[in-house]
Amino acid sequence: MRAHGTRTDRDTALSPPAGAGSGAPAARYALIPLRIFLGVTFLYAGLDKLTDGAFAKDAGAGSVGDMMRAVRDSSALPALVDLALRHPPGFGHAIALGEVAVGVGTLLGLLARLAALGGALISLSLWLTVSWATDPYYYGNDLVYLVAWLPLVLAGAPLLSLDAVLRARRRRGGALP
319 MRAHGTRTDR DTALSPPAGA GSGAPAARYA LIPLRIFLGV TFLYAGLDKL
369 TDGAFAKDAG AGSVGDMMRA VRDSSALPAL VDLALRHPPG FGHAIALGEV
419 AVGVGTLLGL LARLAALGGA LISLSLWLTV SWATDPYYYG NDLVYLVAWL
469 PLVLAGAPLL SLDAVLRARR RRGGALP
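Numbered according to the numbering used here, the sequence shown spans residues 319 to 495.
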């Protein structure tokens, strides 16, 4: 039983970090929809690539190798494409596993800033290679994803996250319930 006005560990894990201000509920929870959207999207993208028999191949319809060869001369960083073309299946698996890790970390709010940074870096690399030549630029989605990750890089996941639970645990110096 708790005394009136005292906070439980659960309250602490679901509340913003100290100094974040109480703010309106909408402001406190404003990043949750972005986390859900980006987390689900990257998890789905990674799983889709991992389960697509054609994607992680050197050549053939739908292969990462053919896609990289097609964008090489129009990309902002052809050297990055050349690096991927050294071993397209390995590159394809690395991108897919990176997307899965970013998606899971973002959805769970575990190492949320690191997950968001990973998502931003994946989006940046895809923008500079695959969607660089999209004209007009706003038709390409990789730049939008890059910008969408930035608030999560800066703020992390202060609410409804494993990071918040772990932060609360560290504050009280005990184990998880």
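There could be a bad hint or two in this list.
Claimed, not checked - Under the rule of at most 20 Å between Cα atoms (straight-line distance), these lysine to aspartate or glutamate pairs were calculated in the EDC-like manner:
#1 K367 - D384
#2 K367 - D460
#3 K375 - D400
Stated by the list, open to error - Have a look at the derived ranges for each label pair, beta carbon to beta carbon:
#4 R490 - T369: 38 to 48 Å
#5 G491 - P407: 40 to 50 Å
#6 Y456 - L401: 23 to 33 Å
#7 L365 - A388: 22 to 32 Å
#8 Y456 - L432: 44 to 54 Å
It should be emphasised that the hints constitute simulated quantities derived from the structure, not laboratory data. All C-beta atoms, glycine included, are put in the ideal place defined by N, C-alpha and C.
Results of checking the hints against the structure:
1. This hinted pair checks out: K367 and D384 have alpha carbons roughly 15 Å apart, not beyond 20 Å.
2. Only pairs whose Cα atoms come within 20 Å are accepted, and K367 paired with D460 is accepted, the gap being roughly 17 Å.
3. Distance check on the hinted pair: K375 and D400 sit about 16 Å apart at the alpha-carbon level, within 20 Å; holds.
4. The supplied range of 38 to 48 Å is met by R490 and T369, whose beta-carbon atoms lie about 42 Å from each other.
5. For G491 and P407, the Cβ-Cβ distance of about 47 Å falls inside the hinted range of 40 to 50 Å, so the restraint holds.
6. The hint said 23 to 33 Å for the Cβ distance between Y456 and L401, and at roughly 28 Å that hint holds.
7. At about 24 Å, the beta-carbon gap between L365 and A388 stays in the expected band of 22 to 32 Å.
8. Taking 44 to 54 Å as the suggested C-beta distance range, the pair Y456 and L432 does not conform, at roughly 29 Å.
The structure shown violates just one earlier hint, number 8.
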